[in-house]
Each structure stands twice: as C-alpha cells, then as structure tokens.
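Visitor: Two chains, each in its own frame: build the complex with the hints.
Chains A and B supply the protein sequences, listed in that same order.
FYI, the numbering for the first sequence is 1 to 126, going by my numbering.
FYI, the numbering for the second sequence is 1 to 364, going by my numbering.
Simulated from the structure, these hints should not be mistaken for lab results.
Note that the structure is a prediction, hence the values are computed from the model and not measured.
Virtual Cβ for every residue (Gly too), placed ideally from N, Cα, C.
Hints are not guaranteed to be accurate.
[As the list claims (entries may be wrong)] Computed footprint of chain B on chain A; a stretch qualifies when at least three of its residues, placed anywhere within it, have a C-beta under 8 Å from a C-beta of chain B:
1. 37–44
2. 57–64
[What the hints assert, rightly or not] Now the in silico label distances, taken between C-beta atoms and shown as ranges:
3. A/A79 x B/Q276: 52 to 62 Å
4. B/R4 x A/R104: 49 to 59 Å
5. A/G48 x B/G217: 44 to 54 Å
6. B/S14 x A/D94: 47 to 57 Å
7. A/G48 x B/R212: 50 to 60 Å
8. B/L290 x A/N123: 35 to 45 Å
[Said to hold, decoys possible] Every beta carbon over 10 Å from chain B, so not counted as near; a handful from chain A, in silico:
9. P4
10. G22
11. S23
12. D74
13. S106
14. E121
15. A125
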Amino acid sequence: MSIPADLKYTESHEWLRQEADGSITVGITTFAQDALGDLVFVELPEAGRKVAQGEACAVVESVKAASDVYAPIDGEIVAANSAVVDAPESINADAFSAWLFRIRPSNAGQLAGLLDAAAYEANVAK
Amino acid sequence: MLKRTPLFDTHIASGARTVDFGGWDMPVNYGSQIEEHHAVRRVAGMFDVSHMRVVDIDGAGSRDFLRHLLANDVAKLVPGKALYSCMLNAQGGVIDDLIVYWIEGDAYRMVVNAGTAEKDIAWMGLVAQKFAVTLTPRPELAMIAVQGPQARAILAQVLPAQAALIAGLKIFSGAFAEVEGAEWFIARTGYTGEDGCEIVLPGAAAAGFWARLKAAGVAEAGLGARDTLRLEAGMNLYGQDMDETVGPLESGLAWTVDLKDGARRFIGRDALEALQSRGQLRQLVGLKLLDKGVLRAHQKVVCAQGEGETTSGTYSPTLAASIALARVPAGVAVGDTVQVDLRGKLVNALVVKIPFARNGQALV
Chain A
1 MSIPADLKYT ESHEWLRQEA DGSITVGITT FAQDALGDLV FVELPEAGRK VAQGEACAVV
61 ESVKAASDVY APIDGEIVAA NSAVVDAPES INADAFSAWL FRIRPSNAGQ LAGLLDAAAY
121 EANVAK
Chain B
1 MLKRTPLFDT HIASGARTVD FGGWDMPVNY GSQIEEHHAV RRVAGMFDVS HMRVVDIDGA
61 GSRDFLRHLL ANDVAKLVPG KALYSCMLNA QGGVIDDLIV YWIEGDAYRM VVNAGTAEKD
121 IAWMGLVAQK FAVTLTPRPE LAMIAVQGPQ ARAILAQVLP AQAALIAGLK IFSGAFAEVE
181 GAEWFIARTG YTGEDGCEIV LPGAAAAGFW ARLKAAGVAE AGLGARDTLR LEAGMNLYGQ
241 DMDETVGPLE SGLAWTVDLK DGARRFIGRD ALEALQSRGQ LRQLVGLKLL DKGVLRAHQK
301 VVCAQGEGET TSGTYSPTLA ASIALARVPA GVAVGDTVQV DLRGKLVNAL VVKIPFARNG
361 QALV
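Extracted from the complex, chain B is given alone in its bound form (with noise of 0.2 Å):
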C-alpha cells in the first residue's frame, strides 16, 4: 500500500486525483492544474510537502560531517541561513539535492527528497560513523508549502503570534516559532520561484492548519502545478534532471559546489575536479519549443555541436509555450536554434537563459 501524508484525507474531500509519488500516494490536481499554477503566481497556492524528510544533525562533529558529506560548504553559513546542495557518491554522482539550515551551534536540519530519503539516512549513517554527529530523521513532522506574492502576507494573518517572526524572515533563512504549544520550523524557501515559505509542523496540526489556509484564500495545488512551477522557475528535480550516474557540473548546478577551501575534500571532490581538468562537459540548458507541441523528459535534442537529450518537459502557463531543461554537447549557446524528436517528428527549439519566469513574469 502506498504511504499518507496526514493530509491524505484531506486531499481526497477537495476532490484530488492522485499519484504514485515515489511511494507515497499524493495529490497531482484538485481540478485544473494550470489554474493551481496561476493561483501560485498570482497570489497564493498551497502545496502537501510531507512526503519529503526532515532529517536533525546535531553532535560536535555535525559541522565536519556537513564539510565533508556535502559539495556545497556549510562554513559559510549564518545561523538561521539555508544552503541548496548536492550529496555526491565518490564518482561525483549525485545522490540528492537538499537543503540544510544551520539552526545554531551544533545543530542543522536537513531537508531530502521523499524518493530517496531512506537511501540518503542510509548513507549518511555510513559516512557518520567517523565523525561524533547524532541523526535523527524526522517522519513524524509534516511540511506545507505555501507560495506566492501574497504568501507570506497570508501567512501572517493566519498565525498573527508569528507575524512579525514571518515579516523579518530574510529570504534562503529559517527560525523556529511555538504554535499552540507546539514546535513548528519556518523557512522562507520554496520550489515555485516566487516568494512564500515552507513550514514544518507536527502531523497532527497539519489538517487543521491547510483548512485556515484555504479559508484565508490559499488555493490548493497539487504536483502537476509544482512541475510546471519549479520547471518554469529553472529549478532541478532529482531523478531526472540529475541521477547518481551524472554530476552538479553537468546537470547545471556548478554554482552549488564550493571549491574554495582546497582543504575541504569532500566526498565525489577529486572525480569533479579530474572531470574539470577534462573538460568538454556537457551542459544542461533551457529550451522553448517554437512550435507546437510540448516537450517531454527523454527526447533526443539534435544540435549543430552533437546530440543531447531532454531531462525535463512541460507545457508553461506562464509563457503559453513548452519549456524543457536538456543535457547537451559542450558548445551550445543561448540564442542557438536546436531540433527536438517530438513523437518522430523533428521540431524547432530555441536554448534560452534559464529561469524561464520568475516573480509571476515571463523572462524568456
């Protein structure tokens, strides 16, 4: 049987269809997935995030594990700050994105993906084994999204004792709050492009906390509209954007790996940096269909320097048009016009600068 969030039952009475999502049997729509992803650019959208895990670090090591675990480097972090990294394997694979808040001290929270959150406690149980770092993952906590220009506006209102806890939040940061006795996490992070936050809070309060939300005018949105949204924002969904068989460089998240500490070797360092001195990386880059049609993950992408292949696909409210992520040759430009193999017709396809929208306006 696939797994519920606490908000499964919930789900069902708005009238969601759901899906298979890496085991967990979650809402793709509640009714039209564009007007969900509208709603999230527009004003508010909301979304069930509790299939992802929270994991807590803690210990006098939990630093050096983080240094020597992750390719982005928590040294530079403030407390309350978040960090957006990979977790490589020693060939510089990835095994995850994540993100991790330095909380204070000793202690980090970590947030993974729900697909791979068993393998990702399983590896860092490994790897903690040499360092004095406690792990504790969190499956009892439940996590909403809520995203949009009026998000945290909203949010506000809902939990006016956090208000000005919610106003001073510094984007990329989080803080703990008491809500009705209760200990909640919230972070000003999302997966959409715009403004909001994700808010972590015991299973038991996430039901009646969705419904304030929705009577507060928060629309319900499901992973069809987070597709849409986090591809149109230019954001890397593990498993298909990037996998254990392919590394940051080439899945365009070079900007997340922190070289700068040349003492810092951590793990997949030394493959990245033998794949640097190699050179002629492939490339993921943003393409927009200039036909009709929507492209999709898996499409052999033709260009001019060899041929790539599309990651991810979709159709974006935003822009009226197809929009896709593709790893292809070193040498492919913004501005170069590319074929796709939609269904066994070749289409036209412009590279574009990735993000495609943010902020509710269309970039490209």
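Chain A with its partners taken away, still in its complex shape (with noise of 0.2 Å):
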C-alpha cells in the first residue's frame, strides 16, 4: 500500500502536505480507507473554525463504522473539500488525493514533530 514520501503522517492515519502558500492540506491514509471499507458520509469543519492538535474535527463513516479525523495541528480551518462530501467513495479510490480540509497552522514546529513516511509505514507494520 503506497505511502508517499513527500507528505508527513499522524499516528491515527492522517496525512498532510504543505502547501506553498504555508496552509496544510489534511486527509485520510490508504491503509484508513482499507480498514474503514466503503465511505459512504463525510463531514467537514467549517472555514474559520480554530482547532487544536489531536482535535476531532471530522467524520468519515463508512457501511461498517463511523470514524473521527483529528487536527493534526493547531490551527484555523480555511477550506473544506465539498467534492468529497458528495463523492465519499473517491477517499476509497484515491485517498491521498482526496483531500478533506486545509488548515492554516498557528505553530508551524509542531509539523517536526508528526510521522514521515518510514515511521509511518513502521507503525502500520505493527
């Protein structure tokens, strides 16, 4: 199952990637989708909502379960992908496109902190 080099990872599945303009856009993983089946509802947060780490700030809920997404990072929500909402089976397809909300961060050091790609992968393992 691919796990992108260029994006960093939480350890409850979540990916994110910089974006030039400083925001972190923020999905699901492959592996989540997998266990998760089918995605059959997505919410999302609304623009201008200020979340902290390890916050949940979405859903995703498939035919078996639903399931939190958490803020990877401080910050303030600016953008939602409603494509999502209206196709949740695209995150099965290609969850690394797929993306659920973009947050500007408010503590750009907390981004060290979060899993690359290897210790990713090294934690799915287990």
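Guide: Next up, the structure:
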C-alpha cells in the first residue's frame, strides 16, 4: 500500500501536505480507507473554525462504522473539500488525492513532531 | 483458533478481508462491499455459507417431532417444499430461526444458523428423546448461495446436467441431484430478496464449484454485502433482531407462527397465546433515515408512543440511504416520523413498510 514520501503522517492515519502558501492539506491514508471499507458519508469542519492538535474535527462514515478525523496540528480551518461530501467513495478510490480540509497552522513547530513516511510505514506494519 | 470452511483458502487467494463470525473465520468483503451488493441485485453474486449447519431428520416420529418443536407447521408442506420457522423455548423466546425442507416420507432436512448450531442440536436432542426420530448433523457438507437475477441461468450453465431440475425448481423448494457422482441438494431459497439457489454439496467439491461459478461471471460476495442485502429485503438476523429474550410476535415474525391447529401444542405456544391476550405488544418496524448518517443497532428510538430501540441498521446501496429495523411500542404506524439517537444527536427517521427493496428495486 502506497505511503508517499513527500507527506507527513499521524498515528491516527491522517496525512498532511505543506502547500506553497504555508497552509496544510489533510486527508486520511490508504491504510485508513481500506480498514474502514466503503465510505458513504463525510462531515467536514467549517472554514473559520479554530482547532487544536488532536481535536476531532471531521467524520468519515463507512457502511461498517463512523470514524473521527483529528486535526494534526493547531490552527484555523481555511477550506473544506465539498467534492468528497458529494462522493465519499473517492476517498476509497484515491485517499491521497481526496483531501478533506486545509488548515492555516498557528504553531509551525508542530510539523517536526509528526511522522515521516518511513515512521508511518513502521507504525502501520505493527 | 477460528473454524474454517472448505473455501477459506479460496477466499484468502481472492483477497478477502475476514472476520470472526460465530467462531468461524469468514470473508467480509473481497473489495468494495457496495459493488458486491450491486452485483447481486443486478447480475449474480455468491456467498460461502458453509458455516451454517445442515441437520437431517428421519424416523417414524419425525413429523410429530417437528410439529412439536417448531412454531410453524410442517404439516402444510408438500414434498420438496421448504418452511421458514422459529424454534421457541417454553417462554416463547426464539432459540433460532431456520428452514426445514420436507424431502419425502419421514425424511426432512433442516438448515440452522452457524453461531447457534451447537445450541440447536443439543436442544433438539433433548426434545427428540420423546419421539421416534433420528437427528444427523452434517458438518462435512459445504453450502454456497448463488443469488441474483442471472443466478439460476448461470447455475444451469455451470451444471448443464441439472439444467432441467434447476429450471423446474419452484420458489422455496429443494431437490437432491447427483453431481459428479455425489449427492448435492439444490434449493430455490436465499437471504437477499433476489431469485437464486442455495446449494449443499460435499466439502471436497466446494472449491472447484466456486471456481467454475466465478469463471461463469458470478461475483464473490462476503458478509458485508450479505448484511446490506438481507436488511434491504426485510429479513431478520438471529442474535440481532431477535434472541431468546423475545418472541416472534414482537420480531415481525407473527406470519411464521401457525396457530390453526389448536391441538398442536408446540413448545412456546402457551406463552405466545398468553402474550397475545395481554395485548399491547411491541412491534418490529422498518426505518429510513431522513438525514445524513448511518443507523446502527442499539440506538434509542423516540416515538410519540414511547421509546424503542433499533435492532439492525446499515447503509442501503439500493436506496442510497440508511435503513434499520427497530422494536418500538404498539401504535407506531407506517408513515410516522420518529427520532433516533445517532451518536448523541436526535435525527429524523420515517417508519416505512418492509421490505425496503426487492428484485433490484427500491420500494420506499
């Protein structure tokens, strides 16, 4: 299962991509969508909401179960991907393309504490 | 270690994700369970149901035994016909739901659920002591369910020597057939709301037959799809929609209880009749969620008449909405709006007629 080297990861199976404007794009990994199964509903946070690292701020629901998605860093939500709300199955199809929300980080130092691809891979292999 | 059917290696080779189901290591899905569900409704899909248990029943007292054991009445069967029935305890609670076929003469074949098989066989053995009957569990047999609008046509292709038998099989009937020198049993029954068959065959023949069905275009389908299909079809799941603490009348199964012969004092009948005369029975109804989200089992249902609880819930691919079965107070009616506690939030659901879908079409 692919774990792109240019992304950061959390233990709770979120991925992060740093954008040119400093914002962070967040989604869930291929491993997570495979464990959840067919996704049927997605709830995303509203732009403007302030979130803390580790705070549940989105929900992905599959036929099997509902699962919280956690903010990987402190910051403010600046965008939510309405396309996945209309087509949750796109997350199953390509989890690294089907982003969920974007955060403007308030504490850039937190990024260093997240997992890189190798560390996430080791985590998943356990 | 979990029990495995003769098809376990086949499932793993096909990439199935497996789960512990009643002590058996069974496939949940091979890929997308929603695609497996659609395959059954649109073409044909197959399920390994070898974990369920066949019990053959014979002896001069077999009919009397079954008429005492079961809430439905085998006396109304013709040879080859199947009967869906609950088996009750003395308090009128459901020990299991099952299908029994009258083969011919004194011979019957019963199929019981996997998780309850040992319990059922022990119970039946006790009850059988008063009757001239032999019970023969058949754990060496496998069972494959092939379901969907093309199921029987494909089956006739894969078993050309049985094509006439398959074409002539009436709904809810079964017949023995000799296949590759062995005894198979083909029944026009299923747990999906589609046409199709359930085939009982020697364990050693299962993998080869599964491979031929797959090559002929039947999709492999797991327990995930099995659950969304049966719930759409309004079919109960033992252990969820009913158990030993509740009876058929409060589980949407009054239609499976035959009280016509007043002299037939089957186990649990007295308790059922007492409940009936008390009145104000709870009822099992269908719910369709009007908001986003997925209904699950054990969620509180708030009705004008009082509180109830969902017994089964899922996302319905055919309806593209969430559906559930719920046990609610008397007086709740189709067309009512009720509230369900979905992860701490009250959401609106519509009480609808069951089944939710049949023969590929949404009904509600």
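Visitor: Hint by hint, note whether the structure agrees.
Guide: Tested hints:
| no. | hint | verdict |
| --- | --- | --- |
| 1 | 37–44 | holds (count 5) |
| 2 | 57–64 | holds (count 3) |
| 3 | A/A79 x B/Q276: 52 to 62 Å | holds (60 Å) |
| 4 | B/R4 x A/R104: 49 to 59 Å | holds (52 Å) |
| 5 | A/G48 x B/G217: 44 to 54 Å | holds (52 Å) |
| 6 | B/S14 x A/D94: 47 to 57 Å | violated (23 Å) |
| 7 | A/G48 x B/R212: 50 to 60 Å | holds (59 Å) |
| 8 | B/L290 x A/N123: 35 to 45 Å | holds (40 Å) |
| 9 | P4 | holds (23 Å) |
| 10 | G22 | holds (33 Å) |
| 11 | S23 | holds (27 Å) |
| 12 | D74 | holds (25 Å) |
| 13 | S106 | holds (29 Å) |
| 14 | E121 | holds (20 Å) |
| 15 | A125 | holds (17 Å) |
The structure does not agree with numbered hint 6 stated previously, though it agrees with all others.
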